[in-house]
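Participant: Now for the letters of each chain:
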Amino acid sequence: MAACPLCGGGLVSSGTCRGGCPLAGTCQLQCCPECGYQTVDESRSMVARLVRRLFGGTALDTASESGMPVEACAPQRGATLADLRPGEEAEVGDYGEMPEARQVRLAALGMAPGDRVRVVQRRPVPVIRVGETEIALGEEILSQVALARRG
Amino acid sequence: MGACCQTDRGTGVGEPALVLVGQPNVGKSVLFGALTGRYATVSNYPGTTVELRRGALRAGGAGRRRAVPGPEAPPSGVPRVVIDTPGVHSLVPRSDDERVTRDVLLETDAPVVVQVADAKNLRRALVVASELADAGVPLVMALNMVDEASSRGLAVDAAALSAALGVPVVETIATRGVGLEALVARLPEACPASAGALRATHAPPIEAAIGEVESLLPEDQEGGRLRAIALLCGDLELAAALGLAPAALARVGALRRQVEAETGQPLGFAIGRRRLEAADGVVAAVVRRGARHTGSVVGERLAQWSSHPWLGWPILALVLYLVYLLVGVFGAGTLVDALEEQVFGAWLGPWLTGVVQTWVPFELARDFLVGDYGVFTMAVPYAFAIVLPIVGTFFVAFSILEDSGYLPRLAVMLDRAFRLMGLNGKAVLPMVLGLGCDTMATMTTRILESRKERLQVTLLLALGVPCSAQLGVVLGMIAGAGTAGMAIWGGVVVGVLLAVGFLAARVLPGQRSDFILELPPLRLPEAANVLAKTAAQVEWYLKEVIPIFVVGTAALFVLDKIGWLAGLEAALAPLVVGWLGLPREAAGALLIGFLRRDYGAAGLFELSRAGALEPVQVVVSLVVITLFMPCIATLMMIQREYGGKIAAAVGGFVFPFALLVGGLLNAALRAWPLAGLSGVQ
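Protein chains in written order, with our numbering: chain V, 2 to 152; chain E, 13 to 693.
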């Protein structure tokens, strides 16, 4: 998730663009709910992902770096747990609009915003380590966990 | 189950009790066993206890291997009843089993709570402790698995922890009985942790809301703060149980929305997070970190390999092969040979026959006892000589697997395959448990979060997961059909499971739930626990199975005597001989297979040992019997969990479907004969 480059508000997926565009399912644009400004959603572009993988860069979490409040949005453009490779560590950031039941469940397992986690493995199922607890998590959950700090 | 408690009628549970509470897989069941002398299912995976178990506090209350100090040993003022509860991540419940635990806590009169805490995951335990503080119940903390914590270089200062929480803290290693006497001795000192460092204070708007909701509650309730928090977090079942007026309920909802708007976070999450912060403060003060021991490093490496993307598969194959060696080769081969041919065939059988022939005057009674379908010639040898050795060895293997902590890692390895069926890796646990007993596993489907998944797994269990007894007999018989036969049997059963699962996922309404599964560390199983568990399972099995075997045999006996058996066999001949391509006598085995798959399988085993089945027939008959309903008890369990309609639907689907698949397989194998299947018997 990144801030809207125009007004600084949150960006959401094309499905919620104003007017309910009929092409929303395959569209790669995302719209700012505040001002309606459209940008390309990188997370939906295979080429962009490939380039990131090749050059090792990560999607910038501009909002948190600039100290702006991280708004809840899906799909998110900032780095998430899904961007980490096995062995990498990070600090858990915001849970955004993850369903509350999921948030509470993760927190109960000892994984809450601010906690340090390490990715043990990615396949066949992602496994995360928090303290002395190892948790297997579905891939779809991984991508909902934003990172506050990497490494 | 959740709304079993009628608070307005006073207490639901009644007498004072010692309630064991804790996260999943922290050792509550081991502790329960040690305190009461009763066996509770103990495994190294989360979610073993799905129902309440109660027992009387044993004199001395301590480990099995200790001298018992005498009947007056439990200190006075300590409740005599011990209740083991399902593991909870939180007392603000998210699932049925968590609700069970919360209800017990709040409904029991004057409970004393023993919180079982995993010493290496103290932070999480403290979150539950903080909720217990809000519940206001007298508390003692059992700091369990201190050995594992110390092998990971974690030292917890129990005295400092006790001072911080304001409740007694006792270090224990429940599996070895360490610290249990001290625990019992300190029970009278139990007191609420409300004054301690864990009484989490929330943001002012949240505290104000909690206070207001508390004032809406009926007066005489204990644990008002916890109830208020649960209500605020949207626990509607609690609201119903408390008999809250609609106006009060509306006020609670309004408060919740107002607070969430003010704090900008879901309320449950904000409260949980504050608890974690309070826990962090305590952990920082009482836990010291040192170097890990080598043993723990090796264990961790092994644990990682067992769920590794490709190393995991050879490890899985090795595990399966070892189980096959123990159950298929040693149990179904060596032990069955010894018991059936030697003990029953050469000694016990002739002796019993002699005794009966001499002492029983009526021919009918003699026939009933030792005739073709006699109790001593069919039911008892089936149960003791064929099924018992196989089940016994399987239970040993399975207990070792359970205690080692391998099963959750298996769930990780199989997640992909289960996703094809619209399930996730979590469903692996009940399915694997079904290899032990399908009835038990049907009950364990409760750990799945959505009804769709529960129904789906129940159907798959009923259809194609062979239970230990049957699996053993299958493993024993399949040897006669060679590797090709084994591959065909396995391929067909797995294929059918995948296909039916895939279709069921599309037919049944509902959604797949999250895959969030804690992976416990790999542990070396304790021999005593493995043996106790095996013994308990064998005992249960015999109790459940022998009456059915005797009833089934009696039914066959009666059918035979009144001349209907031959008629039935003739009537079934088109199906059995024509469609399935089996010999006529197989009809009897299939008939009793309606009662229990393994009973039918034992009949087939006999036929095959007598050389009456060709390899193709072995494979076909095994596929059919594997796809039958596991046993009457499973059907009854389905009826109990889901009602008669669903049970009838499952039964009505499973039996015809099994026969359909068997017939198709028979036709296929006869149309395209396989070299590997025509060979050795």
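Bear in mind the hints are in silico, worked out from the structure with no lab data behind them.
Backbone N, C-alpha and C fix where the C-beta goes; we use that ideal spot for every residue, glycine too.
Be careful, since some hints might not be right.
The calculated label-pair distances, taken between Cβ atoms and stated as ranges, are [as the list claims (entries may be wrong)]:
id, chain 1, residue 1, chain 2, residue 2, range
1, E, 211, V, 88, 45 to 53 Å
2, V, 88, E, 219, 28 to 36 Å
3, V, 151, E, 660, 53 to 61 Å
4, E, 266, V, 140, 35 to 43 Å
From chain E, some residues computed to sit far from chain V (all C-beta separations above 12 Å) [stated by the list, open to error]:
id, residue
5, 132
6, 322
7, 423
8, 552
9, 589
10, 593
11, 663
Partial selection, computed: residues in chain E whose CB lies under 7 Å from chain V [stated by the list, open to error]:
id, residue
12, 102
13, 135
14, 163
15, 165
16, 167
17, 168
18, 280
19, 285
20, 286
21, 427
22, 432
23, 530
24, 531
Participant: Hint by hint, which ones does the structure fall short of?
Facilitator: Per hint list: 1, 2, 5, 6, 7, 14, 15, 16, 17, 20, 22 violated.
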